[in-house]
Amino acid sequence: MPALRTVRTVCPRNCYCTCGMLVTVDERDRIVAIEGDPENSATGGHVCLKGLSYARRQTYPDRLLTPLLRRGDGADFEPVSWDAALDEIAERLGRVREIHGPAAALYYEGSGSHGALGGLAMAFWRQFGGCTTTYGDLCWPAGLEATRLTYGANLHNHPRLTVESRFIILWGHNPAETNVHQWRLILDAQARGATLVVIDPRRTDSTDAADVHLRPRPGTDAALALGLARAIVDAHLHDTAFLAAHAHGFEAYRARLADYPIAKVAEITGVDEAAIRTLAISYGRTKPALLIAGFGLQRHTHAGQAMRAVALLPALTANVGVAGGGWQYANLASHCLQPLPLPPEPPAMRGIPVSQLAGHLESLEAPPVRAAWIERGNPAVQHPAAPRVRAALSALDFLVVVDQFLTPTAKLAHVVLPAKTLFEEEDLVTAYWHPYLQWRARLFDPPGEVKPESEIWRVMCERFGYDTRWFPSDRRAWLKGLLPAAQQDAIDELPSRPLDLSGHGDVAFEDRRFPTPSGRVEFECAEAAARWGVDAVPSYAPIDEGHTGAHKARFPLQFLSCKTRDRIHSQFGNLDWVQGVERPHVVDIHPSDAEPRGVGDGARVAVWNDRGRIELVARVTPGIRPGVVHVLEGWCHEGDPDVNALTAEGLTDMNHGATFYECLVEVTAV
Amino acid sequence: MSAGFVLDLHRCVGCGACVLACRIENGRETTAAWRRVLPLNLRRYDAGPTYFLSVACHHCDEPACLQGCPSGAYEKRPDGIVVHVEDRCLGCRYCEMTCPFGTPQFDAGRGVMSKCHLCAPRVDDGRAPACVATCPTGALQYAADVDNAQVRPFVPGFADPAGCRPNLRFRTPAGSTRAARFDALEERLRT
Chain A
32 MPALRTVRTV CPRNCYCTCG MLVTVDERDR IVAIEGDPEN SATGGHVCLK
82 GLSYARRQTY PDRLLTPLLR RGDGADFEPV SWDAALDEIA ERLGRVREIH
132 GPAAALYYEG SGSHGALGGL AMAFWRQFGG CTTTYGDLCW PAGLEATRLT
182 YGANLHNHPR LTVESRFIIL WGHNPAETNV HQWRLILDAQ ARGATLVVID
232 PRRTDSTDAA DVHLRPRPGT DAALALGLAR AIVDAHLHDT AFLAAHAHGF
282 EAYRARLADY PIAKVAEITG VDEAAIRTLA ISYGRTKPAL LIAGFGLQRH
332 THAGQAMRAV ALLPALTANV GVAGGGWQYA NLASHCLQPL PLPPEPPAMR
382 GIPVSQLAGH LESLEAPPVR AAWIERGNPA VQHPAAPRVR AALSALDFLV
432 VVDQFLTPTA KLAHVVLPAK TLFEEEDLVT AYWHPYLQWR ARLFDPPGEV
482 KPESEIWRVM CERFGYDTRW FPSDRRAWLK GLLPAAQQDA IDELPSRPLD
532 LSGHGDVAFE DRRFPTPSGR VEFECAEAAA RWGVDAVPSY APIDEGHTGA
582 HKARFPLQFL SCKTRDRIHS QFGNLDWVQG VERPHVVDIH PSDAEPRGVG
632 DGARVAVWND RGRIELVARV TPGIRPGVVH VLEGWCHEGD PDVNALTAEG
682 LTDMNHGATF YECLVEVTAV
Chain B
3 MSAGFVLDLH RCVGCGACVL ACRIENGRET TAAWRRVLPL NLRRYDAGPT
53 YFLSVACHHC DEPACLQGCP SGAYEKRPDG IVVHVEDRCL GCRYCEMTCP
103 FGTPQFDAGR GVMSKCHLCA PRVDDGRAPA CVATCPTGAL QYAADVDNAQ
153 VRPFVPGFAD PAGCRPNLRF RTPAGSTRAA RFDALEERLR T
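As they're listed, the protein sequences go chains A and B.
Using my numbering, the letters of the first sequence correspond one by one to residues 32 to 701.
Using my numbering, the letters of the second sequence correspond one by one to residues 3 to 193.
Looking at chain A on its own, in the form it has when it is part of the complex:
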């Protein structure tokens, strides 16, 4: 038997699961096994296909192992030494700063790989004199803010308590594809007798396992939530004792429900009146009941208000603070690290909302953005209005991209720097579903000329003559310093097991203490009104590009671009192993929409609007709501549809999120 070593580490992707992994390596540094870490009781000793694909990705032939330089527009990349790459960067970045000032440089970090060390980029940029950075988030911020405003914190029960639930509602959530470890727990709860309800305009692998499936029109979730609340209150199934003790503004909320008679809600949402009443009554009567919301229902303009409306249902029925019950959106219990030690922030720092990258790159003045540095992200395909992002990046004087592969974004760069994999640098990784902080181990030395980003920023500082004392000489000691002051000894334990350092316990809000201004669950929220200019009580407002939108006559179909199990956005699908099991990237269209357009199953169609046009194959299916079309997002390889040619650069009502799912299109046979 060859000598094997097994190392505990963690998958750092932008994914619910953040799986603890046991990676076994042979004496020639080949990965011979990747298994789940049983110590992580949320992921239960399992990984998914994406985690397994690291065995292929680590040594994939396409991986970038040296810096690449493109001399002049249209020229091919050529491999160069670090010295040559750094010379080019120093010269061209320096020139941009000289002419336009430091804020003419954009530093963009995506969500491609989580870890505390990523923040070290600022040790360079602050000494550079500042830069332009992004704020907000493409994915989930409206729901985070809605939850914070309602409950005071983004916490939820430990995932393993899911099995104790007797009634589970998945709202805009498809864990059979996007959180397979949660799916196992849900199936276990179902096997123990729990009822499973899924609310989704599509049929998915999750809806197919459900006992009840409601299909509202996209963008009408606030109305559906208020309608359910109305039906619960009409049936006297709200918990008056809980509300008297723990609700703030319930009377104002109750008055608001008068605006949402069930018949009206049925008309807005397209969900049958009887189905709304039945769900309300079952949810109100069955305890404990767990409501899990996905990110999908908050990808439109009125997202925050919609999420507040949905998030209040567990409080209305006193399902908060109980095992097997609760509101699940995001669990930030592991987000306990201290800020990185960094040089002081210079005045020339400037922020732009990440969801409106194209618009700002096109129009920013004083100074305009003329150079950009992009790492851990792929905005050329993953941002709304992606073709405009590509045009704006192409028009820059200078672009540096750090990546493991030559992505569509990297192809636009003047300099591409080779990025590490998760196995090539130690780090601390937080999660957003389970409460665990986890240690990412270093299994291998970076191959070829690869440097971890933290090392890249150190050599950048050296090249520019900046102070490098911000960079760790001993990563473990440096990471220890980021742990909460009283818990720094945990650094010795973290390599062997995931740790919940939060002290919140497994049941969120078990003590019914809510860190809101009122100390109660905020049905009426003055902060929401003051901070975001929304109604203090949740309400429904139709989205501009929704089923009642002004553009509806020209673009009658609502376009959704959802996630699936074989990708995290534009990651993983470049690997042959993953392509062997990937889902087809077709446009799902209902027969009642396909027939009048002369679109047959398997036909090639154009999906288009005033922003763009993509061509792909139609899948005519009853598995989608009439009036809605769907294409899986995530551009990973040639032939994948450029879905973000269609999407708009809107902003959510709260917290600067993107509005990917507020998008009207037409479909035409080609």
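Honestly, the hints are just simulated from the structure, not real lab data.
Among the hints, erroneous ones may be present.
Listed below are the simulated SDA-like cross-link pairs for lysine to any residue, each with C-alpha atoms no more than 25 Å apart in a straight line [stated by the list, open to error]:
{"id": "1", "chain 1": "A", "residue 1": "K594", "chain 2": "A", "residue 2": "K318"}
{"id": "2", "chain 1": "A", "residue 1": "K318", "chain 2": "B", "residue 2": "T179"}
{"id": "3", "chain 1": "A", "residue 1": "K594", "chain 2": "B", "residue 2": "A176"}
{"id": "4", "chain 1": "A", "residue 1": "K318", "chain 2": "B", "residue 2": "V153"}
Here chain B is said to cover these stretches of chain A; the calculated rule only asks that three of the stretch's residues, wherever they fall, bring their Cβ under 8 Å from a Cβ of chain B [to be verified]:
{"id": "5", "stretch": "75-85"}
{"id": "6", "stretch": "164-178"}
So, partial list: chain B residues that the calculated Cβ filter (under 10 Å) puts toward chain A [as the list claims (entries may be wrong)]:
{"id": "7", "residue": "R13"}
{"id": "8", "residue": "A35"}
{"id": "9", "residue": "R38"}
{"id": "10", "residue": "R46"}
{"id": "11", "residue": "F156"}
{"id": "12", "residue": "F160"}
{"id": "13", "residue": "A164"}
Source: prediction; values computed, not measured.
For every residue, glycine included, the Cβ atom is placed at its ideal position computed from N, Cα and C.
Fit chain B to the known structure of chain A by using the hints.
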């Protein structure tokens, strides 16, 4: 009695983790996978359920690969596992033609066939096959005697046209919408 796989069609989401686990365990970086996932009814027509068949070798009671092999490169072990003995393989690809399930794969680089051995080394060691150990939802299971499982021997998409008596069984828990759809399908086939 024979060893084989049991697949819970309610739990299987067709994720493909089993396919990748097999590749890692059995060292097949670039050639065709021993395990495959066949999606059924991805259009989600109301006529039946949408489900996924994760399939490898079925370690048949009457293995066509073995019966059709001119060089005796297949053996059926006492526990039922059908193994391919590479140093007896001519690469003639008869088994590729005789197996009705398309299980044996030709490795062009080495000029021999290969196929799933149910992770016999792991099974002999008391461990589950890699695909089973990896399955994140617990859908794929190993059974030392598949006939003892409370299961369906047949679902649409999986037939036994050549009388090989494959050792793959299916589970569809009663009560789910999906199970009702399976029941309706079976009823239609009976009438």
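K318(A) paired with V153(B) [C-alpha distance capped at 25 Å]: 33 Å, violated
A164(B) was flagged as interface toward chain A. Is the shortest Cβ-Cβ separation under 10 Å? Since the shortest Cβ distance to chain A is 27 Å, the answer is violated.
Verdict on chain B covering the stretch 75-85 of chain A, where coverage means 3 or more residues with a C-beta closer than 8 Å: holds (count 6)
Restraint satisfaction for A35(B) [CB to CB of chain A, less than 10 Å]: Holds. Min distance 6 Å.
Holds or violated: is the Cβ of R38(B) closer than 10 Å to a Cβ in chain A? 8 Å, holds
Proposed interface contact between F160(B) and chain A, which counts if any beta carbon pair is under 10 Å: 19 Å, violated
Quick one, are K594(A) and A176(B) close enough, alpha carbons at most 25 Å? Roughly 29 Å between the alpha carbons, so the hint for K594(A) and A176(B) is violated.
Does K318(A) sit within 25 Å of K594(A), going by the straight-line distance between their CA atoms? Roughly 31 Å separates the two Cα atoms, so the pair is violated.
Hint check: 10 Å Cβ-Cβ cutoff, F156(B) to chain A: 21 Å, violated
Given coverage of the stretch 164-178 of chain A by chain B, checked by CB-CB distance under 8 Å (3 or more): The restraint on the stretch 164-178 of chain A is violated, since only 0 of its residues have a Cβ under 8 Å from chain B and three are required.
Would you settle whether the hint for R46(B) is holds or violated, based on the nearest Cβ-Cβ distance to chain A being less than 10 Å? Holds, about 3 Å.
Given the hint that K318(A) pairs with T179(B), does the C-alpha gap stay at or below 25 Å? 22 Å, holds
The structure is inconsistent with the numbered hints 1, 3, 4, 6, 11, 12 and 13, although it conforms to all the rest.
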